[in-house]
Structure formats: C-alpha cells, structure tokens
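Read top to bottom, the protein sequences are chains A and B.
Residues in the first sequence are numbered from 1 upward in steps of one, following my numbering.
Residues in the second sequence are numbered from 1 upward in steps of one, following my numbering.
No wet-lab data here; the hints were simulated from the structure.
Where a beta carbon is used, it is the ideal one built from N, C-alpha and C, also for glycine.
There's no promise every hint is true.
[Claimed, not checked] Distance windows between CB atoms, simulated:
{"id": "1", "chain 1": "B", "residue 1": "Ser25", "chain 2": "A", "residue 2": "Val559", "range": "46 to 52 Å"}
{"id": "2", "chain 1": "B", "residue 1": "Ser25", "chain 2": "A", "residue 2": "Glu529", "range": "42 to 48 Å"}
{"id": "3", "chain 1": "A", "residue 1": "Ile552", "chain 2": "B", "residue 2": "Lys42", "range": "38 to 44 Å"}
This is what each chain is made of:
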Amino acid sequence: MTQFGQVFLFLALGCSVYAMLATILGVRRQHQALVDTGHNAAIAVMVFLTLAAISVIEALLTDNFHLKYVAHTSNRALPVFYKITSLWAGMEGSMLFWAWLLAAFSFVCIVSYRRQQTLLMPYVTAVLMAVATFFITMLVFVTNPFETLAQPPADGRGLNPLLQHWAMVIHPPILYLGYVGFTVPFAFGIAAMLTGQVGNDWLKITRRWTIVPWFFLGVGMMLGGKWAYMELGWGGYWAWDPVENAAMMPWLCGTAFIHSVMIQEKKNMLRVWNMVLIILTFTLCIFGTFLTRSGVISSVHSFTQSSLGPMFLGFVGLIATFSFTLLGLRMHLLKSDVRMDSVVSRESAFLLNNVAFLGACFAVFWGTLFPVISEAVRGIKITVGAPWFNSVLVPISLLLLLLTGIGPLVAWRKSSVEHLKKMFFLPTVGMLATLVILLIAGMRHLYALISFALSVFVTITIVTEFHRGAVARGHTNNESYLVALWRLLMKNKRRYGGYVVHFGMVLIFVGVTGAAFTEEAEKQLKPGEALQIQNYELVYQDTKRFEDANKIVIESSVVVKRDGKMLDTIFPQKHFYIVQEQPTTEVALFSNLREDLYVVLGEHQAETNAATFHVYLNPLVTWLWIGGMVLTIGTLITLLPEARDQTGKPAPAKTAAARQTTAANA
Amino acid sequence: MSNKRITIFFVFTAVVATIGYLILSGFNDTTVSYYQKVDELKALGVSAEGRSFRVSGQVVIGSVERAADGLSMTFTIDELGQTMPVVFHGIIPDTFKEGAGVLLEGKYANGRFEATNIMTKCASKYEGEGQMQTPQTAS
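Required output: the full structure, derived from the provided sequences and hints.
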C-alpha cells in the first residue's frame, strides 16, 4: 500500500481545497447541494489521510527502508509497539499525524452539526479545511513522509532512544489532540463572525470542543513532565524549555477563554474579548507547532528542526491578520452595552483571572522569544533561563491561586459586606492557621509559605461550597447528606466538576511548591559505602551489566535506608543504545507521598566497581501527578451531559444560601 | 466614568503594571546568560565576574582529565582556533566525549570557564543537527 501513499496525499489535498471552496461558494449562492458536496469532500479528506497514515505504519512494520522516514526513525530490532508509534516520532510522520487528527476532528464536527447548524457549518468546514489544506500542502511539498531513498540502507537508524518510554509514546498524540482540537472552536468563532451570528450559540456548541483540547494540552504537558523527570535525569520535570513553553502559552490563553466564556453566557458581556481569546489561543497553537518544528530556538526537542519554519511563521501571520481584520469589521455587532456593576463581584474576579492568565501567557511568550528579539535588534545573543521564568510566573500563579479561592465566594453583580464576611471567615482562618504552623515549624521560604497557605484557603472554599450545596439540597429534597452531595455533583456537573478541577490545580501547586525544598548530593561510592541525604542513607551494593538486541544495560543496586531502617532496594540504570551509539539515563525512584528519592547513576568504573551517584530529594512531587489525576476526573465530570431533575428542568437551587452561589453555575 | 468604573480601571492597571514590572525586573545577570565567543570572553577579563555566559566550542582531543572521584573534570575547548580551559563539577553528560561540540553554561573567572551545565551537540544521527540537552538544576 505504501506505493500509493503519495497518491492518497494528493487526493486528500484535492478534496480539502474542494471542500473549502464548495462550502463557501455553496452558502454564498444558497446552493445547498454544493455545500453538501463540500462537507462530503471534507469527510473524504479524513479517509485519504487515514489511508496515508496506514501506509506509513505498514512501511514501518515491514521495515521498508526505501522510505527515508522509515530509515530514519525505525530499525529492524525495534519492538513492534515502537514501530507503530514511530508514526509520530519524526517530523514528516508527526505532520501527517497532525493533519489526520484535524481531519478526524472535522469529520466528527461535520457529522454532528451539518444538519442542525446549516447556517454556521459551511463556514466552519471551510475554516477547518483551510487549515487542513495548509498542513497537507506541507506534507506533499515540504515534509513528505513518502520521500524515497535511492539507496535503501540495510537497516534503519532506529528510534531516538530518549523517546523509547511509555510517557513519550503517548505524550505527542495527546499534546496534538490539544493543539489540533482548538481549531474547532476557532472555526466556529470565525464562522460566527462571517455569518454575523455572533450571539452565544457558537459558545454553547463549542463548550465541550474547548474543554477537550484544553484538557489534552494540560495532560500532554504533565506527561511531558513525567517523561523528562524519568528520562532526562536532571531531577526536575519542567525546565521552561521553548517547546514546553510552546504548549504552555495556548493552555494559559485557553484557560482564560474557558473562564471568560462563562461571563458571556451569564451576563452577555465580553463578546469581543472572547473572540480575541479564541483567535489568540488557536494562533498560539499553530505558533507552538512552529516553535516545535522550526528549530528557531534551540531546545531539548530540536531533533525535529527543519525548513518548515518560514512557512509556519507565514501561516501564523496569515491567521492572525485574517482573524483580527474580520474582528475589526464585525466589531459593531459584537459590542455589548452591559457594564460591570461593582469591583467586588464575580465578574470582576473573572476579569482579573483573565488579565492574570493573559499576563502569564505574555510573560512566557516574551521570555521564550526574547533571545530571538535580542539577537535581531541588538545583535546580542542571550538565553533567558529558568530563574527568569520562575521570578515572573511564580507571583502570577499565586495570584491565580488566590483568585481560584475568591472567585466562587463572591456573588455576581455585587457582594454585600455581610455575605463576604460569612463566606471568607473559615477559609481565612484556615489560611492564617497554616501560616502560623508553618512559621513555627521553621519554614522561611516566602513563596512557599504563600503557596501552602493559599492552597489551604482554596481547599476550604471548595469543601465549603460542596458542603453548603449538599446541606441545602438535603434540606429541600429530604435527602441524606451523602446522597445530596452526589446528586449535587451530578446535577451541576459543570460547576462542581469545575471545583474538582480547581482542587486538582491546588494539588499541583502543592507538588510544584515542593521544588523549593529540593536537596541534592553527589558522591562516588565503592561497594558497601553509603551516601547520606537528610535522614536517608543510600548504600551501594554492586553493579551488573547485561544486554538485549537494542541496548547494553548497566545497573547498580542501591539499598535505601531511612533513620537506619532498611526500606527498599532500587536499581538506577544506564542504557547504551547500540545502533544509535547513544547512552541514556534510567532514574531509580523511591517515592512516597512525602518525597521522592531520585537516584541517577553517573559513571561506573569497571576496574574498581566504584560508581558515581547523583541523588535528589524532591519533596511532594507525587502530589503533582495526583493533582493531574484529580484534574482529569474533574474535567470528565464537566464533560458528562447535564442531567435534569424529574420535572424536566435543570436542578434548581432553593435555599437562600444556595441561590447566592448557584447563580454562579460556573 | 462613574467611581466604580474608575476603581475597576485602577485595579486592572495595577495588575497589568505589576506583571510588566515583574517581566522587566526579572532580567538581570543571574537570570539571563550571554553567548560569547571564546576570544570575547577572554577580553572581558575581570568585568566578566558574577555574570552568566554561554560559550561553545569543540572539546580538544586529549585534553579531558577526569578526577578520580568521577565528579569533576577539566578540559579545553577550541572555537575557531581560540582555546580556553574549562572546569566542570557534576555528573558528566552521557553524550560528552573528546572531539564533540559542546555548549557550556557557567561563569568565567581567573582565565577559566567554570561550567555548571554542559550540553553536547551530538553528531546527530537524527534529523537536523540535533542538540541533546542535559539540563542541570545548578542554581
């Protein structure tokens, strides 16, 4: 099938161009049959790209080294699993994967809405296919996965050993689901402006289409962090590397969008602003792909740099120019005359949240691009290190954490002083108590103190919200507390699921704050000797050497003791990949809820059997991963279809206490 | 504008200004490092003290001396004929070897470069001229 791969790509290109033109022309001339052929052509794009992807996978599985892509990313000894996932391990394959995902999203979108949204859908399809056309054009002319080699090698170069890790296998597709997914809400936003239907319909349709990519972008970053933590061996999970930032920017902007959309739905405010946010988010997604693919900025990920850079930059410019021009032309339709009533209101908390998210997004953008700007403008080559990002982003994040607590407590329009006193009393007490306890315990790290105290503050507000709601519900419906709690969650999934997401974020903050207290030690040990770090003792036993088809493994055994008590034996390893002639580090972890003992094997001297170890004691890291799981659960809850009470109406809140807060229905 | 709108305006201006201030004040000698050529770095002399730099070159073959404890080494880098001694403490990156191109991060003092981070430019077998980074948490 591989020989047809090229043909499939051309057919996909033809279909996507046709779909784009047919939908637009059809709707302009009110020719429904033409629009229908456009939608069908868009579906055909997915079929052809699927066939193209299968062709690449077939070539990978059959070790068809005639294809340059296969020769570069795979080899005979590579396990079948990694052969398949090599589809997104290299430049050409991941571009194909990107395009295929977009086609798949378009397919689902078209099938779901072509009959219902006859006004918007032709434009939505046109926008989706315009983006698809760009990617498929790149595939055909610039990064063609079906490029052949005149002299096929006997064996391929193999998959980059650093990428041979489970988290790295699922990290790119998940991240791409995020990058690609934002095309759909963007397409709806543009369609809304093109048709002049700029009310709240497009937001209602795209709510799930926004949460899903937002979620995947976040989980993708978490998995990337997990991979970096386990595979790169420098003791951390986030380095403010340009490609990490590339995913962070649309995530921050998308988070702002998810929040401000609620104000538009509730109060019909911020219509222009929301349009700006979704345009920016999508532009940043493409920009992020550009950063990853262009190699403009050197990074861990730069093994996929290429000549694509200028094309992508041009495309980013085109999207931004087109979208913002359109926005300018439609400004009069989007303007709303609702005004903010009070400084202390839910609206202004949301707005502040937006400003902070966008500020954070801009800071990441500036820090990432500053080296490029500096070199272009001043001719001075510099790098902006992680300390810069931390010094800017940590305070902004803490402000956001504070808002996570405050937002749900203040009412829409205006909060009375009485109301505020009542709502803030308990969380504030909890926060101050935490501060005092930590200060007595000897903690002096300012940001860590603030972070832990705010985490308690937010946690109490979330628990109180659930508690209040459950009591009110139990009271009116005569339900037991637990039943009321469950039904509360299930009948207001969007709001209470959102709180669960917030709680996941709190746990992530706790985990990240632990990094302020990391300790490290480094020592060369002979068998039987020990290394001390805090109250842990690591006793080096022995080092073994063995090999399989792909690699040579050097493995040390180390006994972990805490306060003199033996707890475990761990095995840090060094792998040496034979085909690639490249060593990698396999970290050994002794992990619990309190801290991670993170052990890296350095050099091993065969003559003396002495080995060097680098050990990190990373407090609270496990909470980061737990937070990710809680966030996942919360997101899934918000995505479930909204249930209705037996009366057929959405669950009403009946008591005064509940009414004040349920009006939020975040 | 009503009083309320003025207050709102001020609150938001304050937040934006704070973020702007954070962004600008963050740029200093500890958070930003400058790329320098080996000869430029040598010419800086004493004025280079306390600042962070990045410098690149090739590890001179035969120059690497590893300490017996396996935790530090000295070597010389060569950039277009200009050489400079380097000292490094820490776990030596997997891909470090003589003759390889390296990108160093660290400080320049007493005629030596004290590297806190070594990134090796492996003669990549992958696409493009890959640069495998081994970030350190050197603070």
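Structure-based check of each hint:
no.: 1; hint: B:Ser25 - A:Val559: 46 to 52 Å; in the structure: holds (47 Å)
no.: 2; hint: B:Ser25 - A:Glu529: 42 to 48 Å; in the structure: holds (46 Å)
no.: 3; hint: A:Ile552 - B:Lys42: 38 to 44 Å; in the structure: holds (41 Å)
The structure meets every hint from the earlier list without exception.
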